[in-house]
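Chemist: Sequence:
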Amino acid sequence: MAPWTATAQAVPAGNGAGNPYADHPAAMAFADDLAERRGLDRAWVRQQLGQAVRLERVIQLVLPPPTSQPKNWAAYRARFIEPRRIQAGLQFWRTHRSALARAETDYGVPASLIVGVIGVETFYGRHLGQFRVIDALTTLALDFPAAHPRADTRRAYFQGELEQLLSLAYRAGIDPATLRGSYAGAMGWPQFMPSSWVKYAVDFNGDGRTDLFGSPEDAIGSVANYFRQFGWQPGMPTHFPVGIDPARTDLATLLAPDILPTFDVDGLTARGARLAGDALRHTGKLALVELENGSEPRSYVVGTENFYVVTRYNWSSYYAMAVIELGQAIEALL
942 MAPWTATAQA VPAGNGAGNP YADHPAAMAF ADDLAERRGL DRAWVRQQLG
992 QAVRLERVIQ LVLPPPTSQP KNWAAYRARF IEPRRIQAGL QFWRTHRSAL
1042 ARAETDYGVP ASLIVGVIGV ETFYGRHLGQ FRVIDALTTL ALDFPAAHPR
1092 ADTRRAYFQG ELEQLLSLAY RAGIDPATLR GSYAGAMGWP QFMPSSWVKY
1142 AVDFNGDGRT DLFGSPEDAI GSVANYFRQF GWQPGMPTHF PVGIDPARTD
1192 LATLLAPDIL PTFDVDGLTA RGARLAGDAL RHTGKLALVE LENGSEPRSY
1242 VVGTENFYVV TRYNWSSYYA MAVIELGQAI EALL
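In our numbering, the protein residues as written are 942 to 1275.
Simulated from the structure, these hints should not be mistaken for lab results.
Please read these numbers as outputs of a predicted model, since none were measured by experiment.
Hints should not be assumed to be uniformly reliable.
What the hints assert, rightly or not - Below, computed lysine to aspartate or glutamate pairings styled on EDC-like, alpha-carbon distance capped at 20 Å: (1) 1226 <-> 1246; (2) 1012 <-> 1047; (3) 1012 <-> 1233; (4) 1012 <-> 1266; (5) 1140 <-> 1199; (6) 1012 <-> 1207; (7) 1226 <-> 1207; (8) 1226 <-> 1272.
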């Protein structure tokens, strides 16, 4: 991987900041262990974690909402497939047409999908996040809320991400305090977590640096590489239309695997799903994807293995559909 870099920005702690971690025994123990295992300067790691502050707002944001509202695909879709974002995406595509074409050639991932991801994630670089990443990740690594139903596994996950952030920043000579991102620590145009930056980010513009903050071209190549590494199959659609009659379809069986492709065409049709055209000729596995619409009837599609790949970016069928449809809406205007 090319040297890691980022466009430095002075970012105040803010966002409901609490106490710094300088006097937090667990933080200093984490720093010492990390420095020893990764071969980092102990004093530097202690300094970085010591200037991080606990963000109460981050703790609130990772907790499930107190009352669960019905999901609504139509409302979710309207947040992203809307005129301002489509026009911004159209300009982005025209500006970076050559990089998008090269990414599609090199990685086999459609330009529309890359454009859709960057549009949903950051509105084409307009919304990169306002939290200091060092604050967000330290908060979630050391003070992840015990009330969360998966507190132990999520805490361990964010400890790993904090470790990756500090290791990357140390070796690149970057002050972590200058980096801002989402409340969960995602960064740059494609909102990569530190571990994803390590595994999937690429120097796509060939300048010898990997910069997802300042280089849209690097972001384009990195998103394409991400999908390829998760098994994107060139030429395969992401999903097909499907007809569902709740009275005649074995929904319980078809929805049990969630979005994991499990059934072949015969298995779906035998259980009451109505397919037509290209869907009937699909030879891979499929999943019935259910999208709730509040109090209105639910929507359904059948997702291919490529649809499942899209959900590896964000484990949500609603997200995947928004990314796909935003890219398609923009492409239609080219």
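Chemist: Does each hint hold? Answer for all of them.
Modeler: We went through each hint and held it up to the structure:
no., hint, in the structure
1, 1226 <-> 1246, "holds, 7 Å"
2, 1012 <-> 1047, "violated, 37 Å"
3, 1012 <-> 1233, "holds, 5 Å"
4, 1012 <-> 1266, "holds, 18 Å"
5, 1140 <-> 1199, "violated, 27 Å"
6, 1012 <-> 1207, "violated, 30 Å"
7, 1226 <-> 1207, "holds, 10 Å"
8, 1226 <-> 1272, "violated, 27 Å"
Checked against the numbered hints listed earlier, the structure breaks hints 2, 5, 6, 8; every other hint is satisfied.
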